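Chemist: Numbering (this note's numbering), first residue to last: 24 to 61.
No wet-lab data here; the hints were simulated from the structure. Fair warning: this is a prediction, and the values are worked out from it, not measured in the lab. Treat the hints with caution; some may be incorrect.
[To be verified] Think about it this way: if two alpha-carbon atoms lie no more than 20 Å apart in a straight line, the pair counts; the simulated SDA-like pairs of lysine to any residue are: (1) Lys-48 / Ile-36; (2) Lys-41 / Thr-53; (3) Lys-41 / Ala-51; (4) Lys-48 / Lys-32; (5) Lys-32 / Ala-50; (6) Lys-48 / Gly-59; (7) Lys-32 / Val-42; (8) Lys-48 / Glu-37; (9) Lys-32 / Ala-51; (10) Lys-41 / Gln-52; (11) Lys-41 / Arg-57; (12) Lys-41 / Gly-59.
[To be verified] Label-pair ranges, simulated between beta-carbon atoms: (13) Gly-60 / Glu-37: 24 to 32 Å; (14) Lys-32 / Thr-53: 36 to 44 Å; (15) Ala-56 / Ile-36: 37 to 45 Å; (16) Gly-59 / Lys-32: 37 to 45 Å; (17) Gly-60 / Arg-40: 24 to 32 Å; (18) Gly-60 / Arg-39: 39 to 47 Å; (19) Gly-59 / Gly-34: 34 to 42 Å; (20) Gly-59 / Arg-33: 28 to 36 Å; (21) Arg-57 / Glu-37: 26 to 34 Å; (22) Ala-54 / Gly-34: 35 to 43 Å.
Think of the CB as a built atom: it goes at the ideal place given N, C-alpha and C, for glycine as much as any other residue.
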Amino acid sequence: GACRPIDDKRGTIEFRRKVAGVLAKRAAQTAYARAGGK
Numbered sequence: 024g025a026c027r028p029i030d031d032k033r034g035t036i037e038f039r040r041k042v043a044g045v046l047a048k049r050a051a052q053t054a055y056a057r058a059g060g061k
């Protein structure tokens, strides 16, 4: 929370990387499905 801004910033970066990875994975799966994959 607001008590630990430094930890929050570091956590936010990790969170963004994690979310970006998940979104990229979903996007890849969606593209694969649209291309005719299972």
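Chemist: Would you mind marking each hint as holding or not holding in the structure?
Modeler: Taking the hints in turn, this is what the structure says about them:
1. For a cut-off of 20 Å, the pair hint linking Lys-48 to Ile-36 stands: about 18 Å separates their Cα positions.
2. For the hint pairing Lys-41 with Thr-53, the CA-to-CA distance comes to about 18 Å; that is within 20 Å, so the pair holds.
3. With a C-alpha separation of about 15 Å, the suggested pairing of Lys-41 with Ala-51 holds against the 20 Å cut-off.
4. A distance of roughly 24 Å separates the Cα atoms of Lys-48 and Lys-32; the hinted pair therefore is violated under the 20 Å criterion.
5. As the CA atoms of Lys-32 and Ala-50 are separated by approximately 26 Å, the hinted pair breaks the 20 Å bound.
6. Between Lys-48 and Gly-59 the alpha-carbon distance is near 17 Å, which keeps this suggested pair within the 20 Å criterion.
7. For the hint linking Lys-32 to Val-42, the alpha-carbon distance of about 15 Å falls within 20 Å, and the restraint holds.
8. Restraint check: the Cα-Cα separation between Lys-48 and Glu-37 comes to about 16 Å, which is no more than 20 Å; the hinted pair holds.
9. Annotation: proposed proximity of Lys-32 to Ala-51 is violated, straight-line Cα distance about 28 Å (limit 20 Å).
10. Distance restraint check for Lys-41 and Gln-52: the Cα-Cα separation of roughly 17 Å lies within the 20 Å cut-off, and the hinted pair is therefore satisfied.
11. As the CA atoms of Lys-41 and Arg-57 are separated by approximately 24 Å, the hinted pair breaks the 20 Å bound.
12. With a C-alpha separation of about 27 Å, the suggested pair Lys-41 and Gly-59 falls outside the 20 Å cut-off, and the hint is violated.
13. In this structure the supplied range 24 to 32 Å holds for Gly-60 paired with Glu-37, their Cβ-Cβ distance being about 31 Å.
14. Checked against the hint of 36 to 44 Å, the C-beta distance between Lys-32 and Thr-53 comes to roughly 31 Å, which is inconsistent with it.
15. The supplied range of 37 to 45 Å is broken by Ala-56 and Ile-36, whose beta-carbon atoms lie about 31 Å from each other.
16. Taken as a hint, the range 37 to 45 Å holds for the pair Gly-59 and Lys-32, whose Cβ atoms sit roughly 43 Å apart.
17. Checked against the hint of 24 to 32 Å, the C-beta distance between Gly-60 and Arg-40 comes to roughly 26 Å, which is consistent with it.
18. Distance hint check for Gly-60 and Arg-39: the Cβ-Cβ separation is about 28 Å, which falls outside the suggested range of 39 to 47 Å.
19. Under the hint 34 to 42 Å, the C-beta atoms of Gly-59 and Gly-34, about 39 Å apart, fit the expected range.
20. Gly-59 and Arg-33 have their C-beta atoms about 42 Å apart, which leaves the hinted 28 to 36 Å range violated.
21. Under the hint 26 to 34 Å, the C-beta atoms of Arg-57 and Glu-37, about 31 Å apart, fit the expected range.
22. For the hinted restraint 35 to 43 Å between Ala-54 and Gly-34, the CB-CB distance of approximately 30 Å leaves it violated.
When each numbered hint is compared with the structure, violations occur for hints 4, 5, 9, 11, 12, 14, 15, 18, 20, 22.
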